[in-house]
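Asks: The chain contents come next:
Number of protein chains: 2
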Amino acid sequence: MNAWGMGIASKVTAPPPLTGSGKGKKVAILGAGLAGLSAAYELRKLGYRVQVLEARPYAGGRCQTARRGFRLRELGGEEQLCRFDRGHYINHGPWRIPLDHQSTLHYAREFAVPLEVMVNENDHAWVYLEEGGPLSKRRLRGAQIKADMRGHVAELLAKSVQSRQLDVRLSSEDQMLLLDYLAREGALGVGDLAYKGRSGRGFATNPGAGLVPGAGTPSDPLAFGDLLAARVGKVYSAVQEFPMHATMFQPVGGMDRIPQAFAARLGDTIRYGAEVRRIRQDAAGVTIDLHDTASGQASSVKADYCLCTLPLSVLRMIDTDFSPGFKAALKAVPYAPVGKIGLQMGRRFWEEDDHIYGGHVLTDLKGINTISLPSNGWQQRKGVVLGYYNYALDAIEVSALSTAQRTEFALAAGEKIFPAYRSAYENAFSVAWHRVQYSLGGWAEWNDAARRDAYPLLLEGEGRVQLAGEHLSYLTGWQAGAIESAWQQIERLHRRASA
Amino acid sequence: MNAWGMGIASKVTAPPPLTGSGKGKKVAILGAGLAGLSAAYELRKLGYRVQVLEARPYAGGRCQTARRGFRLRELGGEEQLCRFDRGHYINHGPWRIPLDHQSTLHYAREFAVPLEVMVNENDHAWVYLEEGGPLSKRRLRGAQIKADMRGHVAELLAKSVQSRQLDVRLSSEDQMLLLDYLAREGALGVGDLAYKGRSGRGFATNPGAGLVPGAGTPSDPLAFGDLLAARVGKVYSAVQEFPMHATMFQPVGGMDRIPQAFAARLGDTIRYGAEVRRIRQDAAGVTIDLHDTASGQASSVKADYCLCTLPLSVLRMIDTDFSPGFKAALKAVPYAPVGKIGLQMGRRFWEEDDHIYGGHVLTDLKGINTISLPSNGWQQRKGVVLGYYNYALDAIEVSALSTAQRTEFALAAGEKIFPAYRSAYENAFSVAWHRVQYSLGGWAEWNDAARRDAYPLLLEGEGRVQLAGEHLSYLTGWQAGAIESAWQQIERLHRRASA
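Residue numbers (the UniProt record's numbering), protein chains in the order written: chain D, 1 to 499; chain E, 1 to 499.
Some hints could be false.
To be verified - Straight-line alpha carbon distances no greater than 27 Å define the calculated DSS-like cross-link-like pairs of lysine-lysine that follow:
id	chain 1	residue 1	chain 2	residue 2
1	D	K234	E	K196
2	E	K302	E	K327
3	E	K196	D	K159
4	E	K196	E	K159
5	E	K234	D	K196
6	E	K302	E	K331
7	E	K25	D	K196
8	D	K25	D	K45
9	D	K382	D	K327
10	D	K327	D	K26
11	D	K327	D	K302
12	E	K45	E	K416
13	E	K234	E	K416
14	E	K234	D	K159
15	E	K45	D	K234
16	E	K26	E	K327
17	D	K159	E	K159
18	E	K234	E	K366
19	D	K331	D	K302
20	E	K25	E	K302
21	D	K416	D	K137
Said to hold, decoys possible - Just a few of them, taken from the derived set where beta-carbon distance is under 8 Å, the chain D residues facing chain E:
id	residue
22	Q102
23	E116
24	V153
25	R198
26	S199
27	G233
28	A238
29	V239
30	E241
31	T247
32	F326
Think of the hints as simulated: they come from the structure by calculation, not from any bench. Where is the CB? At the ideal position from N, CA and C, for every residue including glycine.
Generate the whole structure from the sequences, applying the supplied hints.
Replies: As structure tokens, this is what we get:
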């Protein structure tokens, strides 16, 4: 175990500072996703002769952006042609870059990919519960829940302090300080310590010009009992966990601007349409047998080393001479069923009617999870809404629908929340990642046993073959996982090649 | 009192739907700030002959953007020439558009002014207290305070519930629901209901690739007692009040894109360099005496009506024939002393070193209030930081400094929080709005007595003269206040003109 493996890796914000030279050595990199691209880019700097073999006709792997003309055929499904208006798109793979993911941001900076804010938390967006007890089927603003729960809880605690029920728990000085904090935090009334609403939950009538009630009409808080019975915590949390933040980033124009920037620099180092059929290694090197997806012709590539970034879901179906133990490890990891749909809307009703600018509508509507509103094209005429983002059984069920049925499914849900949803709808593009060739799933979903047994084995690689990708990180499903895994594994590969 | 004054105004998101015609009638509009510009734009649509008289050589009033070449001479002060690199700027007047301000957004939409997100709340930004008791002079992330206060309060309340201290306050069913909520909200331990930190406060070491501790090293929470004693509530609040939101908007390229869009459409309807010296009215019309700031020549403009949008701080010093009562009302409103400084930094150390992308560093450092980080040019080399945003006595004190001293004041404070602050500094541009000619203050600061007595009188106007501006709204200091006041007052003016 090296220094990287000891956790320093997770603090790095730049590729490993490798010394020595890879001159005269050839590395075949399987897959032109973020892992393969960053490995190729860095290894080439060290002097390695690099060839990236990519089955798709473009770079990026799961980092895809559907815009006008983009085609996708799921396994056993019809071909979809994206018909969004020019300038509109959906990032149906990765769609947000957290500030904690300095590795992803590193390449955006290095390649001068313009970024814009992706609004990831919007307290003004609706929370809509089908099963929300007394608050069922009502459009609530996140800010209402946040302000009111905070207010009621603060009032409850403050009154307990006031009636000396917390004497056993807190010193009287801390009680005074706590009362002061609670009064601010919960916007409690002076004297009566009661929560009666606050402007942060929204006004009934906003302040404006004019006379009465120019100062704004307060709105009444939701009742504490109703909020508790609604179990709003099911969908709404006021503190987001790592690596979520209220504001994240997206490349201007689409997430695929990042792999495109790599691809432009790597040029014909990347061979497209090269589907890996067989991997063999011996003392002399590695041989990759390929199937050209355009011509149908077979060919072979020989290299001194191989960095395989194919998802395990794909790699385990390829003919290899890995040891039985390694092959078993490849099979130990389930892949996430994940579905998304982009709906082009002819009118930005969420902005115009509801004054919601980006962020997620949180809901317990089955198979929907979130309706996410675009963080680009503010106030323009049209926009592409993410109509669902489903996982697990939901994703499997929805993926069994035809593309037309998926659209209907999304519209039927969305119109419960937005009256204009169906009438504004123009066209759709959906994906079910577990049905996408060369991906076969959204991301690796490790369980504890596989993390313990299979993960260290896979990290080691076998012979001249190393693996890399989001699956070999604790940032599964994130581009940063792919990049940081690649950074770690090229260090390992370089160490072996230099030994 | 009309329907507008009854509060409908504050819900409007578009100009009033006026009918009839202003043909053959001339309106002199004093001031080309947002109020004057929107009034001119709308009145012209109705057929009025409109002339906007503006003392400055450009439109926008206090809506200004300092970029390379921008000049400002404060009263009794030296002339500042902005030396920021091309592409960099500071909005030293209004700098953020809340989603609640649909009137401002209305014109951004109408004129297709591109908007981008202005990060107004960033839990990753530092909170730095000089007087923070046990937490003094430490750089804390907002997320740490938020997560830890939430966690400790949830634990305290949950344990009180558990030990049946709240039986008198809540039914046992509500207590169960509350425990469930608190456990989620505070990330409490299962069983022991203890708060021990959470990933949302940040890791000691982030998850990444590799083995141990690839899953991320947890960070220890701040002690409840320390947080209470630090009185973090002084600067930090987890619920923002109206009209603040985590994400707001700014026009791409500078706030003055909005007045520029108006000015382009109004063309020579606006007469620049026209300083108002005298206002007289009689039964036949209004006469405005002007001083041309370029030639020094005097001239007069006659009109049927006048809409005066000059700040009251300016208007009350002009020779008018208003009644004594009206003149007294003009004097009833203090104007806010406000100061800002833009500091061009040669390196975006807040992004590169601290991973803070936009938002505000909150501090009790005297005279600073906030250090705000730019929401544009993400990951580029340089950026302009707002070094202070001070009000009241602080603003007066700092404004008495020379521009070089103001810079030193800002740097001495900032380097307490950011080690690279001084070394990265390149040049500065500061403003003290109370010392700016034609503005004489940041915004109107109404007290209750003046709202009761002077405000209704000023809203009525006198004779052929109506007033408008942020000062005649409950959105003082906001562009929306200026626009919505203009919308209200042109309706009044049109009603009188049509009578």
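Asks: Take the hints in turn and mark each one as holding or not.
Replies: Tested hints:
| no. | hint | verdict |
| --- | --- | --- |
| 1 | D:K234 - E:K196 | 22 Å, holds |
| 2 | E:K302 - E:K327 | 22 Å, holds |
| 3 | E:K196 - D:K159 | 25 Å, holds |
| 4 | E:K196 - E:K159 | 14 Å, holds |
| 5 | E:K234 - D:K196 | 22 Å, holds |
| 6 | E:K302 - E:K331 | 26 Å, holds |
| 7 | E:K25 - D:K196 | 50 Å, violated |
| 8 | D:K25 - D:K45 | 13 Å, holds |
| 9 | D:K382 - D:K327 | 49 Å, violated |
| 10 | D:K327 - D:K26 | 25 Å, holds |
| 11 | D:K327 - D:K302 | 22 Å, holds |
| 12 | E:K45 - E:K416 | 54 Å, violated |
| 13 | E:K234 - E:K416 | 19 Å, holds |
| 14 | E:K234 - D:K159 | 22 Å, holds |
| 15 | E:K45 - D:K234 | 51 Å, violated |
| 16 | E:K26 - E:K327 | 25 Å, holds |
| 17 | D:K159 - E:K159 | 15 Å, holds |
| 18 | E:K234 - E:K366 | 13 Å, holds |
| 19 | D:K331 - D:K302 | 26 Å, holds |
| 20 | E:K25 - E:K302 | 11 Å, holds |
| 21 | D:K416 - D:K137 | 8 Å, holds |
| 22 | Q102 | 7 Å, holds |
| 23 | E116 | 6 Å, holds |
| 24 | V153 | 6 Å, holds |
| 25 | R198 | 6 Å, holds |
| 26 | S199 | 4 Å, holds |
| 27 | G233 | 4 Å, holds |
| 28 | A238 | 6 Å, holds |
| 29 | V239 | 4 Å, holds |
| 30 | E241 | 5 Å, holds |
| 31 | T247 | 5 Å, holds |
| 32 | F326 | 17 Å, violated |
The structure shown violates the earlier hints numbered 7, 9, 12, 15 and 32.
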